[in-house]
Amino acid sequence: MIELATTAALAGIGVAAGLCVLALVRGRSLADRVVALDLLLVMVVSGIAVGSARTGDGTYLDVLVVAALLGFVGTVTVARFIERRGA
Amino acid sequence: MADVIASVLLLVGSALAVLAGVGLHRFPDVFARMHAATKPATLGLVLLLTGAAMQAEAAGDVAKLLLVVALQFLTAPVGAHMIGRAAYRAGTELSPDTVVDELAGVDVQGREPGARPS
Amino acid sequence: MIPRAVRVVVLAAMWIALWERFSIANLLGGVAVGLALVLAFPPDRRGTYTVRPLPAARFLGYFAWKLLEASAIVAWEIVTPRNRINEGIVAIPISGVSEGLTTIVANAISLTPGTLTLEVVERPTVLYVHVLHLRDVDAVRTEVRYLEALAIRAFARAEPGGPGSTSARRSRPSPPAS
Numbered sequence: 004m005i006e007l008a009t010t011a012a013l014a015g016i017g018v019a020a021g022l023c024v025l026a027l028v029r030g031r032s033l034a035d036r037v038v039a040l041d042l043l044l045v046m047v048v049s050g051i052a053v054g055s056a057r058t059g060d061g062t063y064l065d066v067l068v069v070a071a072l073l074g075f076v077g078t079v080t081v082a083r084f085i086e087r088r089g090a
Numbered sequence: 025m026a027d028v029i030a031s032v033l034l035l036v037g038s039a040l041a042v043l044a045g046v047g048l049h050r051f052p053d054v055f056a057r058m059h060a061a062t063k064p065a066t067l068g069l070v071l072l073l074t075g076a077a078m079q080a081e082a083a084g085d086v087a088k089l090l091l092v093v094a095l096q097f098l099t100a101p102v103g104a105h106m107i108g109r110a111a112y113r114a115g116t117e118l119s120p121d122t123v124v125d126e127l128a129g130v131d132v133q134g135r136e137p138g139a140r141p142s
Numbered sequence: 105m106i107p108r109a110v111r112v113v114v115l116a117a118m119w120i121a122l123w124e125r126f127s128i129a130n131l132l133g134g135v136a137v138g139l140a141l142v143l144a145f146p147p148d149r150r151g152t153y154t155v156r157p158l159p160a161a162r163f164l165g166y167f168a169w170k171l172l173e174a175s176a177i178v179a180w181e182i183v184t185p186r187n188r189i190n191e192g193i194v195a196i197p198i199s200g201v202s203e204g205l206t207t208i209v210a211n212a213i214s215l216t217p218g219t220l221t222l223e224v225v226e227r228p229t230v231l232y233v234h235v236l237h238l239r240d241v242d243a244v245r246t247e248v249r250y251l252e253a254l255a256i257r258a259f260a261r262a263e264p265g266g267p268g269s270t271s272a273r274r275s276r277p278s279p280p281a282s
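Chains as they are written, first to last, in the numbering used here: chain B, 4 to 90; chain P, 25 to 142; chain C, 105 to 282.
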């Protein structure tokens, strides 16, 4: 049962990540792209977490914490860039 | 029983993630897209990681997943706010459906939002 | 003193969580790192606030419910074929008790249904909030003020005569009619 759920969850996350990449490519403005990137990072973090739940191997969870923090730093940095240079 | 709860959490979480992805394309305006990107995404992340934490075997794994959940709660609204503020200050056009704009022309810390910084 | 100790405890807990093992070495390492960080970045004196457990639970409960409602509303908006979105940016003056409290309210707003904080102006404290379904401006203001009232009851410092004092907290805020 749990195998099915993790597979389905990973499939859903993959679809969502694909949509994010599509939004990134479509790129209506810089703000749009950074929002899409932020969401993509959330998808990556979720994917790693569900993957580690599936295999029971918690090696990659350290990456999650770092990724979450760095993603936030990146978002704020780009936001300040937008403020100065325009979207 | 714990398996059932974890499975439900995982499924609902991934559904919310897909909804967030779709929302990025559906809404007409940068600010509306940020609504779609932050709210279901944060809740989806919480549900997915909680489901994964229920399946985790080591206590350290559970602690790390809960840490990421707490960090996401703290950083997601701030990130969305900063991008929204930056987009508004950079003069992004609002969608034509906008009804009311009380921020136009208000002086915020010496600089008018909507005016291009020189 | 107390807020600093709390911060050291939280940082030490994060350190231990990252090292995955609750041992004496990890505990001492966590406390050492926590102390180093707190001494290097001292908390702002003006920003100290208290946490009252029962009102804080009420605030968090309301906030969690609103987060679920927010996702449900956005999901509904995405799924229905015709999106009738009337956006708007609303100015909401709130009683700015302290910067920390304003931060809490502004962040909470960004996760509640249909609202996203765009600008925060200090003195007088006004929040400019972008709303996704703007049907009634006053309803949004009432919603935000209710949130703020809950936050004040939960977190504000008990200054005599200020909004956080016991006499001011005696009146219970009523949830807005939805």
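Please note: incorrect hints may appear among the correct ones.
Computed Cβ-Cβ distance ranges for the label pairs, DEER-style [unchecked claim]:
{"hint": "1", "chain 1": "B", "residue 1": "M4", "chain 2": "P", "residue 2": "R50", "range": "43 to 51 Å"}
{"hint": "2", "chain 1": "B", "residue 1": "G54", "chain 2": "P", "residue 2": "A83", "range": "42 to 50 Å"}
{"hint": "3", "chain 1": "C", "residue 1": "S199", "chain 2": "P", "residue 2": "L98", "range": "45 to 53 Å"}
{"hint": "4", "chain 1": "C", "residue 1": "V135", "chain 2": "B", "residue 2": "R88", "range": "41 to 49 Å"}
{"hint": "5", "chain 1": "C", "residue 1": "R162", "chain 2": "P", "residue 2": "L98", "range": "14 to 22 Å"}
{"hint": "6", "chain 1": "C", "residue 1": "W180", "chain 2": "B", "residue 2": "G17", "range": "19 to 27 Å"}
It is worth saying that the hints were derived from the structure and are not from the lab.
Yeah, the Cβ is synthetic: ideal placement off N, Cα and C, and Gly gets one too.
### Query
Would you say the C-beta atoms of C:S199 and P:L98 sit inside 45 to 53 Å of each other?
violated (24 Å)
### Query
Does the Cβ distance between C:V135 and B:R88 fall inside 41 to 49 Å?
Holds, at about 43 Å.
#### Entry: Range agreement (Cβ of P:R50 with Cβ of B:M4, hint 43 to 51 Å)
Because 33 Å falls outside the window, the suggested range is violated.
### Query
Taking the beta carbons of B:G54 and P:A83, is their distance inside 42 to 50 Å?
With Cβ atoms ~19 Å apart, the hint is violated.
### Message
If I claimed the Cβ atoms of C:R162 and P:L98 lie 14 to 22 Å apart, would that claim hold in this structure?
### Response
Taking Cβ atoms as reference, C:R162 and P:L98 lie about 20 Å apart, which means the hint holds.
#### Entry: Supplied distance hint 19 to 27 Å, evaluated on CB atoms of C:W180 and B:G17
At 24 Å between Cβs, range holds.
In summary, the numbered hints that this structure violates are 1, 2 and 3.
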